[in-house]
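Going down the list, the protein sequences come from chains A and B.
Read in order, the letters of the first sequence are residues 15 to 122 in my numbering.
Read in order, the letters of the second sequence are residues 7 to 121 in my numbering.
No lab work stands behind these hints, which were simulated from the structure alone.
Treat the hints with caution; some may be incorrect.
Lysine-lysine pairs mimicking BS3-like chemistry, simulated, CA-CA at most 27 Å apart [what the hints assert, rightly or not]:
no. : chain 1 : residue 1 : chain 2 : residue 2
1   : B       : K47       : A       : K16
2   : B       : K70       : B       : K20
3   : A       : K114      : B       : K70
4   : B       : K70       : A       : K16
5   : B       : K61       : B       : K47
6   : B       : K70       : A       : K56
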Amino acid sequence: QKEVEQNSGPLSVPEGAIASLNCTYSDRGSQSFFWYRQYSGKSPELIMSIYSNGDKEDGRFTAQLNKASQYVSLLIRDSQPSDSATYLCAVADDKIIFGKGTRLHILP
Amino acid sequence: GAVVSQHPSRVICKSGTSVKIECRSLDFQATTMFWYRQFPKQSLMLMATSNEGSKATYEQGVEKDKFLINHASLTLSTLTVTSAHPEDSSFYICSAQTGARDTQYFGPGTRLTVL
Numbered sequence: 015q016k017e018v019e020q021n022s023g024p025l026s027v028p029e030g031a032i033a034s035l036n037c038t039y040s041d042r043g044s045q046s047f048f049w050y051r052q053y054s055g056k057s058p059e060l061i062m063s064i065y066s067n068g069d070k071e072d073g074r075f076t077a078q079l080n081k082a083s084q085y086v087s088l089l090i091r092d093s094q095p096s097d098s099a100t101y102l103c104a105v106a107d108d109k110i111i112f113g114k115g116t117r118l119h120i121l122p
Numbered sequence: 007g008a009v010v011s012q013h014p015s016r017v018i019c020k021s022g023t024s025v026k027i028e029c030r031s032l033d034f035q036a037t038t039m040f041w042y043r044q045f046p047k048q049s050l051m052l053m054a055t056s057n058e059g060s061k062a063t064y065e066q067g068v069e070k071d072k073f074l075i076n077h078a079s080l081t082l083s084t085l086t087v088t089s090a091h092p093e094d095s096s097f098y099i100c101s102a103q104t105g106a107r108d109t110q111y112f113g114p115g116t117r118l119t120v121l
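So here's chain B without its partners, still in its complex pose (with noise of 0.2 Å):
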């Protein structure tokens, strides 16, 4: 049980487009979906929080309107990279949890290079 899953794994872009990257949990309703950033050799990086239906909840520093989450279901959250730049170019994952002090269960991730 509490299976995550992200589409697409791998993408590579041209500098200007969107992309759009989807977090599905499988087999459990997820309240929270978390979306986190990770250079190369460096730790988790928390982009932002999402409630299903609401608004997200954006750390100090990512743009809310580069970095699009929305948060349709309890089962499903996407992140929108809009204009993408190579500085963009990372590994993005996704979590989810059924409560505030339950186990988050990470989606295996969405390495995204932008040309």
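Extracted from the complex, chain A is given alone in its bound form (with noise of 0.2 Å):
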């Protein structure tokens, strides 16, 4: 069974800080990779998308793939409290995968 993986958290970080979130895929298949950003009692809204190996930088974000080790990961330069959230991460190849999506709370 296709599987994406991410810790729960909550994960808290000082404002202004780098978050880092991590994601982990079992299908070796995956071609498309995406992250998304969720707030309590709203509907998720894309972020990033990636599709190859290395970085990919949006503003305040980077994206970061490696396919050989299955992972792929979401940096949050200079922390905000808006920025406080769930981030799902999703895995497609035929079908896109969700995982269950990391708490990210920004400390003031």
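With the hints in hand, could you dock these two chains into one complex?
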């Protein structure tokens, strides 16, 4: 069974620091990788997608993919209280599988 | 781009009634739409996958006769909760994608409360 694993948290990070969110997946054939953010009571919103090994940066967010290690991460630089949310990792081959999410809490 | 809408955003109904939730992709054609349910402080749970013009594929444990899904066009899918009961109260979220490996774009969700 294909799985996507995330630490449920909560992960507490001081404001202004770097938050590092990690995700591992079981299906070596996975081709597409996504990070979503979900605020409490809201639906998920896409932050980033990544398809090839290495880093992809978008503003304060950097997604990192290592297919050999079956590992994808999301770094959030200069963390803000508004970044406090649950972050969902999603991995796709023929279908998308979501992790259960990591709760991130940015401490003011 | 890639906007998905849901209607209604919130609904309260009496036990035994049926509720229909609409999901629309506003600026793209969605080959596949998904329906999720999320209980408070829990993770997303995929209920079913629907492709335009064909029957929905339901996840294990989801009653297809209770949760009726119609994907009438490339921009519209509906979920009908039939004979709703209080335990059906939840946050229902749809998503849409253009291809199997493409990004899923989520609607804003519908909060259902069954009295």
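Hint-by-hint comparison with the structure:
With a C-alpha separation of about 23 Å, the suggested pairing of B/K47 with A/K16 holds against the 27 Å cut-off. Distance hint between B/K70 and B/K20 is fulfilled; the C-alpha atoms sit about 21 Å from each other, no more than 27 Å. For the given pair, A/K114 sits about 24 Å from B/K70 by alpha-carbon distance, which is consistent with the 27 Å threshold. Using a Cα cut-off of 27 Å, the hinted pair B/K70 and A/K16 holds, with the two alpha carbons roughly 24 Å apart.
About 31 Å separates the Cα atoms of B/K61 and B/K47, which puts this hinted pair outside 27 Å; it is violated. Between the alpha carbons of B/K70 and A/K56 the distance comes to roughly 26 Å, so the proposed pair stays at or under 27 Å and holds.
Hint violations for this structure: number 5 only, all remaining hints satisfied.
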